[in-house]
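Peer 1: Here is how the chains run, residue by residue.
There are 2 protein chains.
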Amino acid sequence: MRELGEFAVIDLINAGREQAAHVLLGPGDDAAVIAAPDGRFVVSTDMLVEGRHFRLDWSSPVEIGRKAIAQNAADIVAMGARPTAFVVALGCPADTAVPVITGLADGLWTEASRAGGSVAGGDLVHSEQLVISVTAFGDLGGQAAVTRSGARAGDVVAVAGELGWSAAGLAVLSSGADLSAPAFAHALATHRVPRPPYAAVLDLTGEVGPTALTDVSDGLLADLGHLAAASGVAVDVHSAALADPDLAAVARSLDADAAQWILAGGEDHAFAGTWAAGTSLPPGWRPIGVVGAGSGVTVDGTEPAGGTGWESFRGADVTPTGRKR
Amino acid sequence: MRELGEFAVIDLINAGREQAAHVLLGPGDDAAVIAAPDGRFVVSTDMLVEGRHFRLDWSSPVEIGRKAIAQNAADIVAMGARPTAFVVALGCPADTAVPVITGLADGLWTEASRAGGSVAGGDLVHSEQLVISVTAFGDLGGQAAVTRSGARAGDVVAVAGELGWSAAGLAVLSSGADLSAPAFAHALATHRVPRPPYAAVLDLTGEVGPTALTDVSDGLLADLGHLAAASGVAVDVHSAALADPDLAAVARSLDADAAQWILAGGEDHAFAGTWAAGTSLPPGWRPIGVVGAGSGVTVDGTEPAGGTGWESFRGADVTPTGRKR
Numbered sequence: 001m002r003e004l005g006e007f008a009v010i011d012l013i014n015a016g017r018e019q020a021a022h023v024l025l026g027p028g029d030d031a032a033v034i035a036a037p038d039g040r041f042v043v044s045t046d047m048l049v050e051g052r053h054f055r056l057d058w059s060s061p062v063e064i065g066r067k068a069i070a071q072n073a074a075d076i077v078a079m080g081a082r083p084t085a086f087v088v089a090l091g092c093p094a095d096t097a098v099p100v101i102t103g104l105a106d107g108l109w110t111e112a113s114r115a116g117g118s119v120a121g122g123d124l125v126h127s128e129q130l131v132i133s134v135t136a137f138g139d140l141g142g143q144a145a146v147t148r149s150g151a152r153a154g155d156v157v158a159v160a161g162e163l164g165w166s167a168a169g170l171a172v173l174s175s176g177a178d179l180s181a182p183a184f185a186h187a188l189a190t191h192r193v194p195r196p197p198y199a200a201v202l203d204l205t206g207e208v209g210p211t212a213l214t215d216v217s218d219g220l221l222a223d224l225g226h227l228a229a230a231s232g233v234a235v236d237v238h239s240a241a242l243a244d245p246d247l248a249a250v251a252r253s254l255d256a257d258a259a260q261w262i263l264a265g266g267e268d269h270a271f272a273g274t275w276a277a278g279t280s281l282p283p284g285w286r287p288i289g290v291v292g293a294g295s296g297v298t299v300d301g302t303e304p305a306g307g308t309g310w311e312s313f314r315g316a317d318v319t320p321t322g323r324k325r
Numbered sequence: 001m002r003e004l005g006e007f008a009v010i011d012l013i014n015a016g017r018e019q020a021a022h023v024l025l026g027p028g029d030d031a032a033v034i035a036a037p038d039g040r041f042v043v044s045t046d047m048l049v050e051g052r053h054f055r056l057d058w059s060s061p062v063e064i065g066r067k068a069i070a071q072n073a074a075d076i077v078a079m080g081a082r083p084t085a086f087v088v089a090l091g092c093p094a095d096t097a098v099p100v101i102t103g104l105a106d107g108l109w110t111e112a113s114r115a116g117g118s119v120a121g122g123d124l125v126h127s128e129q130l131v132i133s134v135t136a137f138g139d140l141g142g143q144a145a146v147t148r149s150g151a152r153a154g155d156v157v158a159v160a161g162e163l164g165w166s167a168a169g170l171a172v173l174s175s176g177a178d179l180s181a182p183a184f185a186h187a188l189a190t191h192r193v194p195r196p197p198y199a200a201v202l203d204l205t206g207e208v209g210p211t212a213l214t215d216v217s218d219g220l221l222a223d224l225g226h227l228a229a230a231s232g233v234a235v236d237v238h239s240a241a242l243a244d245p246d247l248a249a250v251a252r253s254l255d256a257d258a259a260q261w262i263l264a265g266g267e268d269h270a271f272a273g274t275w276a277a278g279t280s281l282p283p284g285w286r287p288i289g290v291v292g293a294g295s296g297v298t299v300d301g302t303e304p305a306g307g308t309g310w311e312s313f314r315g316a317d318v319t320p321t322g323r324k325r
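The listed protein sequences correspond, in order, to chains A and B.
Numbered according to full-length UniProt numbering, the first sequence spans residues 1 to 325.
Numbered according to full-length UniProt numbering, the second sequence spans residues 1 to 325.
These aren't lab readings, by the way, just hints derived from the structure by calculation.
Among the hints, erroneous ones may be present.
[What the hints assert, rightly or not] Residues from chain A that keep clear of chain B, each with C-beta distances beyond 10 Å, as calculated:
1. ARG17
2. ALA81
3. ARG192
[Said to hold, decoys possible] Partner residues aside, some chain A positions facing chain B, computed with beta carbon under 8 Å:
4. ASP11
5. MET79
6. GLY91
Predicted, not measured: the structure shown is a model, and the values here were computed from it.
Where a beta carbon is used, it is the ideal one built from N, C-alpha and C, also for glycine.
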């Protein structure tokens with residue numbers, strides 16, 4: 001970085017990129033201009049810090065870039081919106097190798113494209129730690145935003161996407177196990193690049209949608225707890241519906257608890273929603289519990305024993321799984 | 001931070017805040033929803049890193065928060081757009097005192113309000129350095145964006161706002177001079193909280209606007225250089241029009257060069273624009289040069305001797321003023 005400088009690296013990052021149709025004016029001016037055909041836009045921002053949210057010895061720059069976009073795109077989709085564009089501020093040490101930066105950029109662009117958008121602009125500054133700050137935008141297409149507050153007693157709780165596999169991948173990486181073992185491949189891949197099932201939400205056009213929706217970023221119980229609090233309801237999760245024999249096999253080989261990964265792991269960026277009773281769930285969704293009157297989240301009718309998920313600064317207090325996110 | 005944890009501090013930061021009218025859904029869900037009445041929105045993002053863009057022993061948390069918003073709002077206004085909302089991702093060490101965070105938040109909110117918007121959401125994570133990543137949004141009100149590429153030979157170059165005072169403040173702080181000296185008060189205040197003259201652009205309704213516009217963030221010559229390159233023109237700046245006797249007095253007392261602060265200092269976040277010849281400049285704007293055929297930026301017809309402004313990672317190469325931004 002020190003040799004090329006900010007402007008040359010920015011040129012390198014942006015060379016040959018094609019902006020999504022929503023990006024009316026891309027990088028190179030004081031600001032970008034993005035289409036908001038709906039007259040509103042949805043926005044979410046997340047910061048990823050080296051050593052805390054990712055490690056360069058555990059993931060490639062491309063994987064880190066993809067993960068940074070995926071977790072933000074999942075927030076946009078969790079509002080029922082279609083991702084349109086992203087901006088990315090990047091802080092990095094002066095001795096960062098340029099291929100790290102171009103790899104990150106490639107990952108950012110790959111996942112932005114997968115989510116339906118592009119990287120419309122950014123900032124590149126000098127910092128001691130590698131820090132990636134992504135802001136994501138989406139369009140609601142004239143529909144109401146699907147918030148966390150619409151769940152009603154009697155609704156079915158359903159999930160789209162995998163749960164626990166990212167936590168399993170982190171456990172594998174932390175364990176010193178043989179990373180080349182085929183049994184660990186899916187867990188490692190999921191931890192390195194979560195694959196939010198965008199289509200499970202975005203293809204709902206014409207179907208009956210969820211009454212409330214969130215992405216599972218902090219942990220299933222934690223995120224359902226936020227949803228329950230916002231909606232003024234209680235949620236009970238059925239552990240049998242969450243069982244995953246393949247994940248259980250990984251857990252056994254590490255002497256770990258798959259149920260804890262499923263209930264308190266979060267970085268898979270699955271979607272959790274509530275649906276009016278009697279709704280036939282659309283493709284990709286599976287029932288995992290019910291909404292009742294009251295407050296809080298229970299598992300099979302009882303208070304969860306382990307932690308419920310991730311909270312920054314207090315990580316160790318709430319994540320007995322040892323997640324470092 | 002460690003004692004309260006992420007969620008309690010977020011509650012503390014957001015308590016009692018009133019969102020601007022453009023913010024349709026504020027913090028607390030997966031994402032925020034912002035009005036874009038124009039069917040487009042303008043977006044800019046900047047990252048500020050402790051020790052590089054600010055120092056807690058040189059500025060209060062409130063001042064740092066204000067500066068973080070001001071420099072982003074200036075980018076929005078420099079497109080001819082009216083700021084509507086901001087999102088802020090904050091990384092901070094676990095031993096950060098909570099009043100630092102609440103002070104930052106107060107500063108963010110104060111300047112957001114001054115610029116016409118509010119803080120619609122954010123992220124709070126654990127990092128080794130204090131890092132503030134602001135993304136700003138604006139609405140063009142049906143007008144075309146004013147880019148850097150519209151300058152034409154024969155246009156007048158004009159500036160709104162002060163130049164060099166932020167660089168002077170940094171020089172005062174770096175010099176070990178008596179910070180309480182009244183002669184330094186304005187320089188220090190400007191460095192700590194730049195005051196972009198938003199109204200000089202936003203009140204142009206009905207007036208003939210600039211053909212090209214930018215904010216002065218990297219340094220006057222550097223930013224005019226970007227504008228000249230984007231427009232395919234040359235810019236000549238008249239040093240006599242930039243002279244500032246008050247700033248010269250500060251420079252003399254530090255044995256520094258006021259002209260260099262004016263030409264290569266940037267963080268005042270003044271606005272520089274080009275106007276068709278014969279336009280009567282609106283209030284707040286003063287002519288400082290002319291646009292010609294060719295390329296590059298000259299001062300009184302000759303190549304500038306000193307540096308032209310700031311570039312991350314290569315700071316020392318291009319800023320003989322010793323700016324640490």
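Peer 1: Would you mind marking each hint as holding or not holding in the structure?
Peer 2: Checked hints:
Distance check for A:ARG17 against chain B: the nearest CB is about 17 Å away, which clears 10 Å, and the non-interface claim stands. The beta carbon of A:ALA81 is not kept farther than 10 Å from every beta carbon of chain B, the shortest such distance being approximately 7 Å. Against the 10 Å criterion, A:ARG192 stays outside the reach of chain B, whose nearest CB is about 19 Å from its own CB. Annotation: interface hint on A:ASP11 violated; nearest CB of chain B at approximately 12 Å, more than 8 Å.
Because the smallest distance between the Cβ of A:MET79 and any Cβ of chain B comes to about 5 Å, under 8 Å, the interface hint for this residue holds. With its C-beta approaching chain B no nearer than about 5 Å, A:GLY91 sits inside the 8 Å limit, and its interface hint holds.
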